[in-house]
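Undergrad: Sequence:
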Amino acid sequence: MTGMIRTVLGDIEPEHLGVCNAHDHLFIRSPQLPGQELDDADAALAELNSFATLGGQAVVQWTPWGMGPRLADLPELSRRSGVHLVAATGLHQAKHYDPAALAAVHDDLAELFVHELTAAPVRAGLIKVAGAFHHIDEHTRHVFAAAATAHHATGAPIGVHLEGGTAALAVLDELAGTHDVAPQRVILGHLHRFPDRAIHRQIAAAGAFVGFEGPSRAHHAVDWHLLDNIAALVDSGHADRILLGGDTVTASARSTADGPGMAFLLDTLRSRVENELGSDIATAAFVTNPANAFSAHWRSHVRAP
Numbered sequence: 001m002t003g004m005i006r007t008v009l010g011d012i013e014p015e016h017l018g019v020c021n022a023h024d025h026l027f028i029r030s031p032q033l034p035g036q037e038l039d040d041a042d043a044a045l046a047e048l049n050s051f052a053t054l055g056g057q058a059v060v061q062w063t064p065w066g067m068g069p070r071l072a073d074l075p076e077l078s079r080r081s082g083v084h085l086v087a088a089t090g091l092h093q094a095k096h097y098d099p100a101a102l103a104a105v106h107d108d109l110a111e112l113f114v115h116e117l118t119a120a121p122v123r124a125g126l127i128k129v130a131g132a133f134h135h136i137d138e139h140t141r142h143v144f145a146a147a148a149t150a151h152h153a154t155g156a157p158i159g160v161h162l163e164g165g166t167a168a169l170a171v172l173d174e175l176a177g178t179h180d181v182a183p184q185r186v187i188l189g190h191l192h193r194f195p196d197r198a199i200h201r202q203i204a205a206a207g208a209f210v211g212f213e214g215p216s217r218a219h220h221a222v223d224w225h226l227l228d229n230i231a232a233l234v235d236s237g238h239a240d241r242i243l244l245g246g247d248t249v250t251a252s253a254r255s256t257a258d259g260p261g262m263a264f265l266l267d268t269l270r271s272r273v274e275n276e277l278g279s280d281i282a283t284a285a286f287v288t289n290p291a292n293a294f295s296a297h298w299r300s301h302v303r304a305p
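Take 1 as the starting number for the sequence shown in full-length UniProt numbering and just add one per residue.
It should be emphasised that the hints constitute simulated quantities derived from the structure, not laboratory data.
Remember, predicted model here, so these are calculated numbers, not experimental data.
One thing to keep in mind: the hints can contain errors.
As the list claims (entries may be wrong) - Calculated pairs, EDC-like style, for lysine to aspartate or glutamate (alpha carbon to alpha carbon, straight line, at most 16 Å):
| hint | residue 1 | residue 2 |
| --- | --- | --- |
| 1 | Lys95 | Asp40 |
| 2 | Lys95 | Glu13 |
| 3 | Lys95 | Asp42 |
Unchecked claim - If you anchor each label on the Cβ, the simulated ranges turn out as follows:
| hint | residue 1 | residue 2 | range |
| --- | --- | --- | --- |
| 4 | Gln202 | Asp137 | 36 to 46 Å |
| 5 | Asp107 | Arg197 | 18 to 28 Å |
| 6 | Val105 | Gly35 | 19 to 29 Å |
| 7 | Ser300 | Asp196 | 33 to 43 Å |
| 8 | Pro99 | Ala72 | 19 to 29 Å |
| 9 | Thr283 | Trp224 | 23 to 33 Å |
| 10 | Gly164 | Glu276 | 24 to 34 Å |
| 11 | Gly278 | Gly18 | 17 to 27 Å |
| 12 | Ala101 | Ala145 | 31 to 41 Å |
| 13 | Asp98 | Gln202 | 18 to 28 Å |
| 14 | Thr256 | Gln184 | 33 to 43 Å |
| 15 | Ala104 | Gln32 | 30 to 40 Å |
| 16 | Gly82 | Thr256 | 26 to 36 Å |
| 17 | Ala104 | Arg272 | 19 to 29 Å |
From the three backbone atoms N, C-alpha and C, an ideal C-beta is built for every residue, glycine too.
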């Protein structure tokens with residue numbers, strides 16, 4: 001049976017996803033980014049329209065529970081822009097939440113994730129979690145266990161924020177080794193922020209997807225490695241593991257503000273990938289790989305054990 005991709009307007013066949021921004025945010029808020037909240041629906045629509053004008057057909061929003069994902073707004077944005085939207089459930093690092101809010105859901109995370117994946121009015125199609133800087137802390141272990149339970153109950157893929165691109169091997173071992181999540185169902189984000197190509201190759205060889213996102217002012221010092229990192233994975237035979245996203249997390253980074261926003265992926269990065277690595281690699285990174293990464297054999301209305 002062919003898997004399906006769960007969008008905010010319903011499940012679709014993977015081949016209908018199209019050109020995909022595999023990691024971004026239309027809405028997000030965090031106490032770590034005061035005054036830079038993404039909370040403007042009109043600005044979100046403008047961002048989607050700029051992406052669609054360049055041929056973009058799908059965006060995966062990695063904003064998890066409790067960080068202002070505004071799930072109820074996503075279906076209308078998808079209809080108006082014509083862009084498929086995949087939403088996330090999950091939980092980020094503890095520093096992004098009020099301690100009382102975390103305490104309220106601490107013991108019921110798996111059930112929360114399953115509900116948002118299968119029974120919420122707007123269903124998520126991804127479980128987003130996060131590692132810590134160069135290690136896995138107790139919060140991470142607890143959230144990973146809940147994410148794995150929800151994955152096994154629903155089939156949903158798991159996307160991981162790697163802090164500074166670090167701890168990738170430990171994260172994959174925790175999910176795949178400790179919790180029996182198939183590496184092919186894991187997407188490790190921000191690996192370009194720690195441009196150790198040997199680690200990138202190990203992750204890809206294990207079967208997990210390698211996420212590169214940007215550009216970013218905060219991580220500008222390593223942005224220039226992006227094409228070289230992509231090329232290294234291609235040269236090692238892992239073109240089928242590469243995912244590319246914009247990861248717009250502040251209002252100033254949108255194309256309607258200081259930019260470059262989502263449009264950069266298609267008007268700049270895609271052209272460079274095509275010119276330097278070939279159109280087949282661009283198609284893999286922007287079309288084929290996202291279709292594989294975000295598809296799942298969904299199991300619905302199942303309570304987490």
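Undergrad: Each of the hints needs a verdict: does it hold here or not?
TA: Results of checking the hints against the structure:
{"no.": "1", "hint": "Lys95 with Asp40", "result": "23 Å, violated"}
{"no.": "2", "hint": "Lys95 with Glu13", "result": "37 Å, violated"}
{"no.": "3", "hint": "Lys95 with Asp42", "result": "28 Å, violated"}
{"no.": "4", "hint": "Gln202 with Asp137: 36 to 46 Å", "result": "22 Å, violated"}
{"no.": "5", "hint": "Asp107 with Arg197: 18 to 28 Å", "result": "41 Å, violated"}
{"no.": "6", "hint": "Val105 with Gly35: 19 to 29 Å", "result": "26 Å, holds"}
{"no.": "7", "hint": "Ser300 with Asp196: 33 to 43 Å", "result": "39 Å, holds"}
{"no.": "8", "hint": "Pro99 with Ala72: 19 to 29 Å", "result": "26 Å, holds"}
{"no.": "9", "hint": "Thr283 with Trp224: 23 to 33 Å", "result": "24 Å, holds"}
{"no.": "10", "hint": "Gly164 with Glu276: 24 to 34 Å", "result": "26 Å, holds"}
{"no.": "11", "hint": "Gly278 with Gly18: 17 to 27 Å", "result": "19 Å, holds"}
{"no.": "12", "hint": "Ala101 with Ala145: 31 to 41 Å", "result": "19 Å, violated"}
{"no.": "13", "hint": "Asp98 with Gln202: 18 to 28 Å", "result": "37 Å, violated"}
{"no.": "14", "hint": "Thr256 with Gln184: 33 to 43 Å", "result": "37 Å, holds"}
{"no.": "15", "hint": "Ala104 with Gln32: 30 to 40 Å", "result": "20 Å, violated"}
{"no.": "16", "hint": "Gly82 with Thr256: 26 to 36 Å", "result": "18 Å, violated"}
{"no.": "17", "hint": "Ala104 with Arg272: 19 to 29 Å", "result": "45 Å, violated"}
Hints 1, 2, 3, 4, 5, 12, 13, 15, 16 and 17 from the list above are not met by this structure, while the remaining hints are.
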